[in-house]
Amino acid sequence: MIIDFTTIIDYLGTFAFAISGIRLASAKQFDWFGAYVVGAVTAIGGGTTRDLLLGYSPFWMYQPSYLIVTGFALFFVICFGRYVIRLNNTFFIFDAIGLGLFTVVGIEKSLSAEFPMWVAVIMGTMTGALGGVLRDILINEVPLIFRKEIYAIACILGGFIYYFCESFGFGHITTQLVTATSVILIRIISVKYHISLPVLKGHDDY
Amino acid sequence: MIIDFTTIIDYLGTFAFAISGIRLASAKQFDWFGAYVVGAVTAIGGGTTRDLLLGYSPFWMYQPSYLIVTGFALFFVICFGRYVIRLNNTFFIFDAIGLGLFTVVGIEKSLSAEFPMWVAVIMGTMTGALGGVLRDILINEVPLIFRKEIYAIACILGGFIYYFCESFGFGHITTQLVTATSVILIRIISVKYHISLPVLKGHDDY
Amino acid sequence: MIIDFTTIIDYLGTFAFAISGIRLASAKQFDWFGAYVVGAVTAIGGGTTRDLLLGYSPFWMYQPSYLIVTGFALFFVICFGRYVIRLNNTFFIFDAIGLGLFTVVGIEKSLSAEFPMWVAVIMGTMTGALGGVLRDILINEVPLIFRKEIYAIACILGGFIYYFCESFGFGHITTQLVTATSVILIRIISVKYHISLPVLKGHDDY
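Protein chains in written order, with my numbering: chain A, 1 to 206; chain B, 1001 to 1206; chain C, 2001 to 2206.
Calculated from the structure, these hints are not laboratory results. Hints are supplied without guarantee of correctness; some may be wrong.
[To be verified] Pairs of lysine-lysine residues, derived as BS3-like cross-links and limited to a Cα-Cα distance of at most 27 Å, are as follows:
| # | chain 1 | residue 1 | chain 2 | residue 2 |
| --- | --- | --- | --- | --- |
| 1 | A | 192 | B | 1028 |
| 2 | C | 2201 | B | 1028 |
| 3 | A | 148 | A | 192 |
| 4 | C | 2028 | A | 192 |
| 5 | C | 2028 | B | 1028 |
| 6 | B | 1148 | B | 1028 |
| 7 | B | 1028 | A | 109 |
| 8 | A | 28 | B | 1028 |
| 9 | B | 1028 | C | 2148 |
| 10 | B | 1109 | A | 28 |
| 11 | A | 148 | C | 2028 |
| 12 | B | 1201 | B | 1148 |
| 13 | A | 148 | A | 201 |
| 14 | C | 2192 | C | 2148 |
| 15 | C | 2028 | C | 2148 |
| 16 | B | 1192 | B | 1148 |
| 17 | A | 201 | C | 2109 |
| 18 | A | 109 | A | 28 |
| 19 | C | 2028 | A | 28 |
| 20 | C | 2201 | C | 2148 |
| 21 | B | 1028 | C | 2109 |
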């Protein structure tokens, strides 16, 4: 039951991430193939990099559902492109949910590969946030998450919260739920109240 | 005999891919080293990514010939730069041949690593088409294959054709030849008749 | 004793590489997180790619000091940003020292993984020079080292010097010192005398 729920969340997150990539690709006049690739990289790029760093072949090579969900996302944008914008808030929520879940998945996969907690925090953050960076590289833009709002920081804080839950002896499912919920709330609150990190002052002369 | 022929084709494909990278690097005023790197990434970047995803060290680390062929490509552009443009059609043919062959190589390496056919199709496509994407990232341009003509799609169709040939019990060499030839013809026909995928409609407001 | 000295040099090189990434990130108005990531990628991106190609999980996943040094670099730029520019020459020297040391580290790790010398030369060059390329991709600029001065070439020449020292039966520490010093001197001399590779002539018509 909890597995089914997690799977649904996982697909919703993948769908939301893919939509974000496909929409940005469409703004760049990409064709359907290009949009699909950008959507897929946004959705699975973070987890792919995590798996390579941990020494595994990427998760999606053992399970076609992620690429199929990305295909649905492309189909959705092709059919309902003009309505997608009205659903901005819905996708924002899906994206935040995906961020929270992907962070937990990344942390747990790293711990089960016997890496220490600080590596797991980095891998959780990569799983959640790196797809968007790779997306921005593919569409030739400066990565958005390096300049706007709290995004990766929510994953990092989620990593600390996971650690504290484990240290305080919380049950496994409680730890997962608290961590994912924290990431989601931090993300939503930071966007709602325009909370962001300080910008590093530019030095004009180079 | 068939091995020798494949090897020659392999080098011609590598040469053509490297030339495409080196020419675009020269348009960006890269120095010889930069041009060499862009040429090499164009030629071997797809296969390198495939090997990492499959869990291998990249093929070129066991066989210096690919980097040597790239060196010849650089030498060729340095010496005959002004004539290279006249040879556009020749290089286009080489490039299409390389695309076909690289696709077959990628499919077979994935199958021999015991991944299922759908992974092999993706890996064949990466082997053929990802080098050009990495090239465009290095020269800071939006990847060409996401916007123009049939390119990666030829590799994907080649993957399906490979699958059908195998299913119909064709011999191994027949399957290879039919697949590579199909990719090459699809690519040539799509350029000749300006066939391309639909562009995803842009949404101006983001 | 020699290990301590190498460790200090390693940290100084990491610090200088990270500073170079963080400064360029600040010129792009990145926030602290973005600047940290760019700094880290500049410092450890080359070695990370090397380790993935060799078939290892990256070195920094077993040793947090590299990410901590990057944190100090960010702190340093945040606190002393306006003075960093005056220290340009100091950082240039640190960067050259890092380049020399990273080259030796990359060569030796590849040889100990039983790859041949020509692979080790490439891996040494990647360890030294690829971080800067990844930095430039992240900040959406054309990679500087493909257009300016001798940089990666110093690493390549260092690789040949390492090979000759080994062939002539030099002791291990002598080989390391001669190689690193050569890379550092080649880099410094090439900047001082504006030595660079020829630019590949552009072909305007494509």
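We went through each hint and held it up to the structure:
Note on residue 192 (chain A) and residue 1028 (chain B): the hinted pairing is violated, with a Cα-Cα distance of about 43 Å set against a maximum of 27 Å. The straight-line distance between the Cα atoms of residue 2201 (chain C) and residue 1028 (chain B) is roughly 9 Å, inside the 27 Å bound, and the hint therefore holds. Between residue 148 (chain A) and residue 192 (chain A) the CA atoms are separated by roughly 13 Å; this keeps the pair inside 27 Å, and the hint holds. Using a Cα cut-off of 27 Å, the hinted pair residue 2028 (chain C) and residue 192 (chain A) holds, with the two alpha carbons roughly 25 Å apart.
Between residue 2028 (chain C) and residue 1028 (chain B), the direct Cα distance comes to roughly 22 Å. Compliance with the 27 Å bound is thereby established for this hinted pair. The hinted pair formed by residue 1148 (chain B) and residue 1028 (chain B) meets the criterion: a straight-line CA distance of about 21 Å does not exceed 27 Å. With a C-alpha separation of about 42 Å, the suggested pair residue 1028 (chain B) and residue 109 (chain A) falls outside the 27 Å cut-off, and the hint is violated. About 22 Å separates the Cα atoms of residue 28 (chain A) and residue 1028 (chain B), which keeps this hinted pair within 27 Å; it holds.
In summary, the hint linking residue 1028 (chain B) to residue 2148 (chain C) is supported, as the alpha carbons are separated by about 12 Å, within the 27 Å threshold. Proximity of residue 1109 (chain B) to residue 28 (chain A) is assessed by CA-CA distance (about 34 Å); at most 27 Å being required, the pair is judged violated. For the suggested pair residue 148 (chain A) and residue 2028 (chain C), the alpha carbons sit about 12 Å apart, so the restraint of at most 27 Å is met. Distance hint between residue 1201 (chain B) and residue 1148 (chain B) is fulfilled; the C-alpha atoms sit about 15 Å from each other, no more than 27 Å.
Annotation: proposed proximity of residue 148 (chain A) to residue 201 (chain A) holds, straight-line Cα distance about 15 Å (limit 27 Å). Simply put, residue 2192 (chain C) and residue 2148 (chain C) have alpha-carbon atoms about 13 Å apart, close enough for the 27 Å limit, and the pair holds. About 21 Å separates the Cα atoms of residue 2028 (chain C) and residue 2148 (chain C), which keeps this hinted pair within 27 Å; it holds. Annotation: proposed proximity of residue 1192 (chain B) to residue 1148 (chain B) holds, straight-line Cα distance about 13 Å (limit 27 Å).
Among the hinted pairs, residue 201 (chain A) with residue 2109 (chain C) is inconsistent with the structure: their alpha-carbon atoms are about 38 Å apart, more than 27 Å. The hinted pair formed by residue 109 (chain A) and residue 28 (chain A) fails the criterion: a straight-line CA distance of about 35 Å is larger than 27 Å. Only pairs whose Cα atoms come within 27 Å are accepted, and residue 2028 (chain C) paired with residue 28 (chain A) is accepted, the gap being roughly 22 Å. Proximity of residue 2201 (chain C) to residue 2148 (chain C) is assessed by CA-CA distance (about 15 Å); at most 27 Å being required, the pair is judged to hold.
This hinted pair does not check out: residue 1028 (chain B) and residue 2109 (chain C) have alpha carbons roughly 34 Å apart, beyond 27 Å.
Of the hints listed earlier, those the structure fails to meet are numbers 1, 7, 10, 17, 18, 21, in rising order.
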